[in-house]
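Q: This is what each chain is made of:
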Amino acid sequence: MTVTETRTAGAAPPTAGRPRPRRSRHTKAVLFFVVPFGALFVLFYLVPIGYAIVQSLYKLERTGTFGPAREVFGGLVQYERVFSDGPFWSSVGRVLLFGVVQVPVMLGLALLLALLLDSGLVRGRSFFRLAFFVPYAVPGVVAAIMWGYLYSPNLSPFTALTRNVDFLSADLVLWAMANVVTWVYVGYNMLIIYSSLLSIPTEIYEAARIDGAGQFRIAWSVKIPLVMPAIVLTTVFSIIGTLQLIAEPQVFRSFSSAVSSTYTPNLTVYSTSSIPNFNLAAAFSVVLALATFALSFTFLKFTQGRGER
Amino acid sequence: MRASLRSASVLLTSALLLAACSSGSDDSGSGTAAASSCKPSSGPVTLTYTSWIPDLEEVVKVWNAKNPNIQVKVQTGPNGNSGTYQNFFNQLKAGNAPDLGHIEYDALPSFRVQDGLADLGGCDIVAKAKDQFVDWTWNQVTFGEEGKVFGVPQDAGPMAMFYRADLFSKAGIAPPTTWDEYAAAAEKVKAAGGYITNFSQSDINQFAGLAWQAGGRWFANDSNQWTVSMTDPNTKKVADYWQNLIDKKLVSTVPPWTPEWDNAYNTDKSWTWVSAVWGANSIATGAPKTAGKWKVAPMPQWAAGEKKAGNWGGSSTAVFKTSKHPYEAAQFALWLNTSEEALTLLNEKANLYPATKAGAALPALKKGVKFYGDQPIYDVFAQASTEVAPDFTWGPTMTSTYANASDGFKAAVSGKGTLVDALTAAQASTIQTLKSQAIPVKE
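Protein chains in written order, with full-length UniProt numbering: chain A, 1 to 309; chain B, 1 to 443.
Hints should not be assumed to be uniformly reliable.
Unchecked claim - Simulated coverage check for chain A against chain B, where a stretch passes if three residues somewhere in it have a Cβ under 8 Å from a Cβ of chain B:
1) 146 to 157
2) 273 to 285
Claimed, not checked - Sample of chain B residues lacking proximity to chain A, with all beta carbon distances greater than 10 Å (derived):
3) A65
4) N234
5) S282
6) A358
7) V369
Simulated from the structure, these hints should not be mistaken for lab results.
In this text, a Cβ means the ideal position worked out from N, Cα and C, and glycines have one as well.
Make a model of the complete structure from these sequences and hints.
A: If you want it as structure tokens, here you go:
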């Protein structure tokens, strides 16, 4: 983003004196590219968000046990319920704990694999690149079902292990799911980091080598700092993904006694909307979205601030 | 950055306005639908019907061939609580629900409280059909109110005990007829290397059936407010009973409806299952290796000599309030659930056990069943059906009640808390859920 800004700023003075017609043609082109995106973005992104916000500000009123409900403006009533909902906040704590452990492990692995592929130490590079990526092609639900079987105490091919260690117990099931998520997304994140590694000009490596740097030194002091933007990007994606965890816990609910209907924040939203209590579910979603936004934004601010210094 | 924020906020407010307009207009639409009149429509009619009954299309084909003017289109979806109910709620909110829907008895109050059901009480054909149905099923669709009918009863789930006759006789244990005998048998079965049954941590409706038999009544509605009593003495008795078996590790606690669970039945680990009539099919498909070894006996009783049964499941064919052809929809629903040809087909294709009194005498339900060593098992269920107490009421937010109770049951089988704790917590959160929906409830 900063790159484009500086470029347009630099190019601005010469274009200032250009005749107008050109500019309007430019505007048309801009419209041509922006309108389809903008329309879809508004229709399928902003309107639903707006609708959720509106819904979250309403409450129901009725008379008698089966009286029809009237939706009336309720102000922040639903939000009061959200903030006094114990299970919801403990589920937020749960996914944060999950994220603090799982995201670094997953991205560490992704970075390691990307560096290995890039180092030239591995033969059959394109095979491994594809092989690491394959789990991402497996739909998340299918992956969760598959791992559910692998963890199962009596049906797993590894019963010798699963009979003695109950991966689906209350203590371990969160990490069992972390393993599934890691398995699915490591390859995806690796690919982002790897493609960013490929874009590093080879002259930099040559210069480093002339200065006497070995493979590890190059990886540590040249490659990692240069792919930092990609790592930051994957971290933000992962933070968002963590807070929105739903497929894995939903599938694991049928395998494990330890996964409740409010195990993750999104599961709470789902359970609430199937009551159906749309207003409260909307309020949960809005709070969750704001929390996700705040967390991602804080992380970006923190890492960018550090980069500038 | 600031500029983009501002434009985003402009977009957002306009979206809000848009949304506000649209939500306003659909409110006024739903408010006008008053008490439904039930008059035949003129001209040909096409009805949509959403259900998860397997092979329902085959049954509907028979109707469509005979009624060129009332054509029914079948849409299939997942099992109610696994998604179809949520679809119904969303469709009702969006105003595009199908004409007819498959709704289990325990979910009917939820749909009524959301104002989603057409009252068929005004349809003379429906009112006249009352005597054809088993009393308690009629009660489920009328909520015990005169002149109101919110669906046509379809099937019932009277409960009995499936047991491994071969294993019991080999171990020299008599099949239990009371719950005391059942607990005593559980010790012997454990000694013989099995479990008397698997306690289900997530089938709260099964537990409700057990409580129903014992005289537990979870909900009451005096038309001013609801009363929730999931820990009444009778339900507590049932909960304590199973807690004892769990504590002594006399029952297994595998999550139900998983391959793991099928495996327990298929490999002689689980010896009995106190379940509904449709469970006959679940065992046959889940535990094929045990063919010919099962038998069916009446549910164990709380006092020797009593004759009481519980019910698990059963559903109705409901007409949604948004339907433009309630009369034709009711006509179809009655044919589907009372005519011998439809009931026979439904039993053949989907193992449904009819909710009509005459249904118990269907030739298809008099035959011996091969999987059960040619025992005419439906006779046991026909008897059970007459022993189900008619006054069990479901609450208006069962999805959430089930989820909450199941969370607690899951904790209890993992050793955290007890079943009674789970029911106490489920009662508290049910009251909370009712209040957040502005449904009057006694605290």
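Q: Taking the hints in turn, state whether each one holds.
A: To see whether the hints hold, each was checked on the structure:
As drawn, the region 146 to 157 of chain A meets chain B at 5 residues by the rule of a beta-carbon pair under 8 Å; at three or more, the given contact holds. Counting residues of the region 273 to 285 of chain A whose CB lies closer than 8 Å to any CB of chain B gives 7, so the stated coverage by that chain holds, three being the minimum. With a least beta-carbon separation of about 37 Å from chain A, A65/B lies farther than 10 Å from that chain, consistent with its non-interface assignment. Once the 10 Å rule is applied to beta carbons, N234/B is consistent with being away from chain A; the minimum gap is 23 Å.
In this structure S282/B is separated from chain A by more than 10 Å, as the shortest Cβ-Cβ distance comes to about 15 Å. The non-interface label for A358/B is consistent with chain A: the shortest C-beta to C-beta separation is roughly 31 Å, beyond 10 Å. Here V369/B stays apart from chain A, with its beta-carbon at least about 28 Å from theirs, past the 10 Å limit.
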